[in-house]
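With chain A held as given, fit chain B onto it using these hints.
There are 2 protein chains.
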Amino acid sequence: MPAPLRFTVSHRSSAARVGVVETPHGSFDTPAFMPVGTRGAVKGVTPHQLADTGAQVTLNNTYHLLLRPGPEQVAALGGVHRFMGWSRPILTDSGGYQAFSMADINAVDDDGVTFKSIVTGTPIHLSPERAIQVQNKLGADIIMAFDDCPPPLDPSAAPPSLARDRHIELRARMKNYDHDARLDLANERTIRWLERCARAHGRPDDQALFGIVQGGTDLARRSWSASRVGNVELPGYAIGGVAVGEPHEEIARVVAHTAALLPDDKPRYLMGVGYERDLVAAVRAGVDMFDCVLPTRNGRNANAFTRTGQLRLRNARFAEDPAPLEDGCDCPACDPAAHGWPADAPLSRAYLRHLFMAREMLGPILLSLHNLRHFQRLMLDIRAAVREDDWSRLEARWPVAAPGLHADLGNP
Amino acid sequence: MPAPLRFTVSHRSSAARVGVVETPHGSFDTPAFMPVGTRGAVKGVTPHQLADTGAQVTLNNTYHLLLRPGPEQVAALGGVHRFMGWSRPILTDSGGYQAFSMADINAVDDDGVTFKSIVTGTPIHLSPERAIQVQNKLGADIIMAFDDCPPPLDPSAAPPSLARDRHIELRARMKNYDHDARLDLANERTIRWLERCARAHGRPDDQALFGIVQGGTDLARRSWSASRVGNVELPGYAIGGVAVGEPHEEIARVVAHTAALLPDDKPRYLMGVGYERDLVAAVRAGVDMFDCVLPTRNGRNANAFTRTGQLRLRNARFAEDPAPLEDGCDCPACDPAAHGWPADAPLSRAYLRHLFMAREMLGPILLSLHNLRHFQRLMLDIRAAVREDDWSRLEARWPVAAPGLHADLGNP
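Heads up: the sequence lines are chains A and B, in that order. Its first residue numbered 1, the first sequence is counted upward by one per residue in my numbering. Its first residue numbered 1, the second sequence is counted upward by one per residue in my numbering.
Just chain A, with the same shape it has in the complex (with noise of 0.2 Å):
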């Protein structure tokens, strides 16, 4: 059986190291980070446009695309690469983290979770078996066990992306909730649903399918998951579960001890994460591919990332201001003619917040990605950090990773 990725680290320091991951689409350098296609799109870019950020793999949604077209429908177009038009490395959640954190759930037990489609309004069920049957028809080269996703200890400090007003209703209404008892169910369906997805997986010659360690902010629970999950033996693993609202420094302290306790020749991915020093933090403690919708979510919004913390352009103080949105930075809209613009000088922030406020969409594309650009430079510092075993450049040079930086300068 060929193997449907090879990962080979090159570059060691202390715990971060920096890699190739090989897959039938091409390879992708490690640590690596993934922008997110939810519907078969990185919202308001182009793949040429994401590719000239420096993206080497997306990340697709499952669960939006089970519901909308449909798996049979991507496959009938030549699957998820030909679909969307990026030839190069995908990876594919498996749908239970929307599942449970978005949907309508009607039930959910130890065969899976049954929901209604926010499209259709018809019921569909996942199962271990009908996650991986749908990510294998979808044709990523990375896909992703199905697993149970408990919802945080307090919801009330989860980001709203993650229907935060609906956990805190579904709490209030469940008067006896043991969440304890909750991680330690989601931990063992978990490995049970992990041995049916290994063993449902169609294309194991052309898809790596990676486990996904759960266990809450408690360490105990995270080494029992980290060692079950990584006695099933697959191309990557996964740590998830994280950022669902706790701060930096548990963010950190969890996937410190969890990484540590991967398998060290294969990808370690964390999913959902995050800012820049989640990023750093984690690459530090070993693992290797991360994906979040914070660039193209903020871009949206308005909020430009810089590497001395986000910019609101809404704000009146950017209406005149004719800086670009960061000097130095080599996205499109802060140097046009790098990227065969018919222009002479940076776009100013006066124009990207006109264009906001005039409700143009140019304005959340370039945002979009002048953010995903942000994010991959900070990979190509990471990298060469790695490389150089050298952190210091990469302090001096992005104060928004600084371990000790107060909260509200990255986390709007």
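Note that these hints are calculated values from the structure, not bench results. These numbers come from a predicted model, not from an experiment. A hint or two may mislead.
[Stated by the list, open to error] Short, incomplete list of chain A residues facing chain B, as computed with Cβ under 8 Å:
(1) P47
(2) L77
(3) H339
(4) M357
[Stated by the list, open to error] Derived, one-sided and incomplete: chain B residues facing chain A with beta-carbon distance under 8 Å:
(5) G44
(6) M84
(7) M361
[What the hints assert, rightly or not] Covered by chain A, according to a simulated footprint, are these stretches of chain B (three or more residues, beta-carbon under 8 Å):
(8) 14–24
(9) 347–354
Don't be surprised by glycine CBs; every beta carbon is placed ideally from N, CA and C.
Same frame as chain A, but now just chain B:
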């Protein structure tokens, strides 16, 4: 005084001509199609993508930029080219057309028009002098005279984009409305205002002022206007007040009559037109420049132009259609690899439809790019027809541009 614009004709085919317009920001080939960047951005399209469609010149609306962010602001940011990151030729209209057709008008008299800002609610006054002063501040290469734009004879035939309902309501309130008298007033006012515009023009060395012929669909009034406007020595002349709801044959009749009356050695610009067959008919009548929002507006509405008519992509019949929008099209959606995408096949109609059904921004973006390229491909073929003095190939390749075409095919 150096000329702000040079027009060189290289080929002719009866009244049609191929040439080059040189401006302080480079040249463009004629006949030219100018995409519309209303608020300093062609909706959904970066300047790089716009140039990639083959566009060499773009149009901005003075009315919109006057209201937001204001001409002083654009000037402080280096002028409209630098403002929007497009260092190639730009044309601005005078703001009159929008002030007359869209705005909540308070007063119109010989001095100009007073209307309420849709941004701030404050009254704005546009006179010939003010319209030129604003355009001098914006700094486009070609600027337009402030003209009196009479409403169409039958407002109910006008497209909704011309505030049709408002015109119907206004007309109903005007008991003794005399369209002929209104046309005469507009004609006379337009001449008086043109003379005031020419006197007020503060940058004749690097901005070419074009006059505008009015006269409605009455050929005698068009003759009168063309003769009077043509008597003012200017770098170019435009035909206004066309395509406000008339059928193709009426547009062609008025344009053919009027274009022949304008100086042969100056570029002729038909404002706000239009569909493919309108463009071909106008070029054959001697018109050199066009602008229209159709490619981007229809693209945002999921309508894709093709050489045989428009595809309405929301139609369920495209849900499983693996074909590209149009065979032989070289736009980024139909031939992504040619545009540097990491893609090895055209995007399917099914995928593009999916983007619209899922409300992904990428749907409007990709259809706008396709439609913009469609019109630039038409202009390329039109120029070839003029150079070869042979229109048979154009007619065979562009069924949608055939003069006898049923209106419904090209006109949704």
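(request) Against the structure, test the hints numbered earlier, and report the numbers of the ones violated in rising order. (result) Hint check: 8 fails alone, others pass.
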